[in-house]
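**Q** Those sequence lines, one after another, are chains P and G.
Oh and the first sequence: position 220 is 220 in the numbering used here, straight run, nothing missing.
Oh and the second sequence: position 33 is 33 in the numbering used here, straight run, nothing missing.
Derived from the structure by calculation, the hints contain no laboratory data.
No experiment lies behind these values; they were computed from the predicted model shown.
It cannot be assumed that every hint is accurate.
Said to hold, decoys possible - List of simulated lysine-lysine pairs, DSSO-like, C-alpha gap at most 30 Å:
hint	chain 1	residue 1	chain 2	residue 2
1	G	K162	P	K231
2	P	K6	G	K70
3	G	K124	P	K231
4	G	K118	G	K140
5	P	K17	G	K263
6	G	K70	P	K17
7	P	K118	G	K6
8	G	K124	G	K140
9	G	K50	P	K231
10	P	K17	G	K50
There are 2 protein chains.
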Amino acid sequence: MDNMEKLSILRVTAAGKSDIEDVVIREFPLTIIFNGDELVTMLCSPEDLKYLAVGFLFSEGLISSKDGIKSILVDERRGVARVESVGGSESADEVVFKRFISSGCGRGASFYSAADIKNQAPVKSRTVVSAEEVFTLMKKFQRRSEAFRATGGVHSAALCHKQDIMVFGEDIGRHNAVDKIFGRCLLEDIPTDGNIIVTSGRVSSEILLKVSKRNIPILISKSAPTSLGVKLAADLGITLIGFVRGRRMNVYSHGWRVSVDGKQ
Amino acid sequence: MDNMEKLSILRVTAAGKSDIEDVVIREFPLTIIFNGDELVTMLCSPEDLKYLAVGFLFSEGLISSKDGIKSILVDERRGVARVESVGGSESADEVVFKRFISSGCGRGASFYSAADIKNQAPVKSRTVVSAEEVFTLMKKFQRRSEAFRATGGVHSAALCHKQDIMVFGEDIGRHNAVDKIFGRCLLEDIPTDGNIIVTSGRVSSEILLKVSKRNIPILISKSAPTSLGVKLAADLGITLIGFVRGRRMNVYSHGWRVSVDGKQ
């Protein structure tokens, strides 16, 4: 299914009205059914739905590896993804109900839980990146983010090594774009350890949690981080780089991983 | 509590590293306890928390009027808002658990429910607005959105009449900014019927649902709508205006409410 939709709209200027054709980004409700239980309906871009479902279940701690997945069935027409885990008796109800009730569901935040943060081990990777590599990666990343340029409504994310993009994802939701990448990595055995995530969107606490779960040491954004994003990056051992624009950037935590002219 | 936080960060350019002071937007976890039940933990900007809690409960259908609220207690230090409804026996558990399980909790979408859309009556207001009024409102709105200009991380929303801003709200979340406005309107008896909402953020389906619940006929955004946003606006009788930039705009639905030189 295409991520965009053509529409006939009204262009209004001080001079008058005219009918024009425009393109808007598609918003699609996807319901995830896990081991027979209806878990969530998320609003997303209707692309890479299998990756999104798997990445979401991984981020929420409901699956932990490819081997843990028995089957995935995506029905695009009805907007449903059914995932069965191996030994499917682990009911989503029990796991999720507890989380809903004890820590709730943040808006724009998925199932935010303070417990998740405490249980997460810091990233230990000694990977370093040069300022030039960061500038070049961001340039490549922006060239790939065509949907954003066309409609102004999509977030992009990419898993990269120092020189290039490995996996690219887009979605109307910042979190979904990252989950799509991690879902694909899980299903296709693409290593994330020691690599880099680049994102177009604001960096808030939930993104840091997702990234730390994949043991990724460097997170680069075109946009701003939040205070809690910066705090988590520091605690979780992640180098957080924001506002990469032109030939400058802000480094909010673990700056030792960024080198300039060979110096750290 | 301030919406911003000062930090010492590393500025990196091709020439080298330097320590600078920077400002990031604060991200704050607020837990809402409704009639004794822990309902949700949302990530937000720590300002207007009372309005946010009330607006959220209204949007979710858990309270419907000011008279329905017995007490509101906000503990800023602990990040908790306790709201008791009149006849508080209506447990959030029953209402919300049903919604979680039957339709789930969309990320960035709060408690998205197809049933909400079907039950919502279209907005009938005959209010019209001129193109000049839209341009002027957007200019005033952008002047108010200082936090965004300072940090690039905040969304703004405003309730307006044709000539001016009545209520202004800011938050790291698009939905929260709108809920803050509606919470304040509810508590301070500010009428929303027939007025206008202006927002900085992308217009997706959940925003349309919130706006229709307050019987608001015109929604104006600096950004793009999604396909589902446009469809809901058409179905719910709302004039959806996007991409208001300089002296032009796109009208996605119910264009009869926008006039140019006195002509509709």
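**Q** Among the hints numbered above, which are violated by the structure, and what are their numbers in rising order?
**A** 1, 2, 3, 4, 6, 10
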